[in-house]
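Engineer: Please put together the full structure from these sequences, using the hints given.
Read top to bottom, the protein sequences are chains A and B. In this text, residue positions in the first sequence follow the numbering used here: the first is 1, and each later residue adds one. In this text, residue positions in the second sequence follow the numbering used here: the first is 1, and each later residue adds one.
Keep in mind the hints are simulated off the structure, nothing from the lab. Note that this is a predicted model, so its numbers are computed, not measured. The C-beta atom is built at its ideal place from N, Cα and C for all residues, glycine as well. Errors might be hidden in some of the hints.
[Claimed, not checked] Not everything, but these chain A residues come out facing chain B in the computed CB check (under 8 Å):
| # | residue |
| --- | --- |
| 1 | Leu58 |
| 2 | Ile64 |
| 3 | Leu66 |
| 4 | Asn68 |
| 5 | Ile96 |
| 6 | Ala109 |
| 7 | Phe282 |
| 8 | Ala283 |
| 9 | Phe285 |
| 10 | Thr291 |
| 11 | Val298 |
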Amino acid sequence: MTTTSAIDDAAAPSRTSKSGRANGKVRRSAQSRRAARTGALLVSPAMIFVLVFVLFPLGFAVYISLTNWPLIGSYHYVGVSNYSELVHDSDFLQSITFTLLYTVIVTPAIFIVGYGLAALLRANRAGAKLFRTAFFLPYVIGLTTVSYMFEIELQPTSGGVDFLLSKLGLASASKTWTVHYGSALLAVCVIVTWFASGMTMLILTGGMQGISRDVYEAAEVDGATWWDKEWRITLPLLRRSIALSLVISIIGSFLAFNQFYILASNNPKLQTVVEWIYSTAFAKFEVGYATAGAMFLVVIVAAITALQLVLLRNTEE
Amino acid sequence: MMTSVATPPMSRYVEKPPRPKRGSGFWAYMTAGVALAIVFIVPIVWSVLRSFQPERLSSSAPQSADFTQMSLTNYSSVSHGTYNILQNLANSLIASIGTAVLAAVIAGLAGYGLAKFKFRGSGIVFSVILVGMMIPFQVILTPLYIELSRLHLINSLLGLVLVYTTYNLPFCVFIMRNSFAAVPNEMMESARVDGAGMFYTLTHVVRPLVVPGLATAAMYAFLMAWTDLLEAMTFIQTNSVLTLPPRLYNITTSTYGALNTSYLASGIVISMIPCVILYLSLQRYYVQGLVSGAVKG
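Structural biologist: Right, here's the structure in full:
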């Protein structure tokens, strides 16, 4: 019902502004008031959703983080004691350090592979479309399913990874990948790079298509090498796409959960911040404390996003 | 005379298409492309083959590459008995389709409002949606849980759909706003001048132009809901209400410590199917939506 009446109002303002000019100011402002009401009505469902399920919980989170909220039962206000406790909580600090380490390793890996894939297909030669489809396929399947796939393949002796490596003579056939810190981290980083580089490829491809062939041709005339062209033309002109792909990877890594929860939950040293929040709130039932930890993540993620918005606005041509 | 003689060779020179070069560079490109495509596709094909492998082979050492004895046993065991996942598959479909429809409708309305109406506060609306983009659900999992439990929406697919819809809205509203902004005002106006009612205009003139955007929004919302693990396992605790991803996790951990490879392998393939079908059939929208939504967002 709302929709239909909104649609009727839609073209009214533009029509009166042209053909109904003689009707004078009063009528036009009534029309524009009506349009304003319709516009507000149209966006209100979306607004309600964001208010109820994002902004309200966000404010609520600040409140919860100042209490000793258990999952069930009574609670009371504890001030900032959750926060001061967090600073000395070695589990929490380790989850932050680990998440940072993971981000620092996996972000450049995804970027370099994604850039390589985009550069390979840039000229749109025969088969490029097919290759692009193939490179993006892991991303389409989703990280949860991909993690399950590799949960099977990383099994000692029966998994495909050990099978392949032993056939290539690179490792013994019974490596327990997910138990040891180093090998588990390595395995997850390789898997996530395999999973996400297609996404970076697509973002960079979008940027590369905006660079005119003429720029490269002019550089070739001046005797530029392949490396010169990448370094002096492609990279500077791709600033926006590069910043975007990096921000997506960084935020994604900060919020990592599925891959470690599925592949390495048996090793507490490989606990990400989101895993810490989840287990503190829903296994230890310390909801207030877990929420205080989550507020750190809110600040970090919001800062990265805000930085992205500012940076991208400034580099806009 | 002069022009007719002079023009053809000129234009032929200009329009001459560049001849594709197939030198050593091309073959290096082909080799690299094929090799990489193998790296990206083989693990997926491998895991599809896995799902047809009997448990006895998939969990034992030397025959891990033995795909000679294929059977459908795994699929029949996940559709009967203790590890029946048919109910969870249905739950996943309900949650994902519900999210796709709701997100597309709400984002469609909001996109229309933001693109075609000037109203006070539209800037605020857009900022609120941007804030929504900055706050990932992972960081407000605990207040959301408490809120949903007060609303009696824990253990409910409806609750899950509402949360999924919210976290898809920023991206979907963005896509829809761009779609509606691309519809020329003159077009809607001239349809009206020609005597078309607004409803007719929307369904016959505007619709073809915004359908790609709607398809993109709905597809992204569907895929997000379909592949979600954390929200589903937080907000739903009963096996019979769980969606597929957390149910698969429970299956793998409930078989006495040892990974039940064959159940999981068939669950993986079932989870992949809608993703791959949507991607291959709507690839153009997929990529466009991703690039436009991401680059401008």
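Engineer: Which numbered conditions among the earlier hints are violated in the structure presented, ordered from lowest to highest?
Structural biologist: 3, 4, 5, 6, 8, 9
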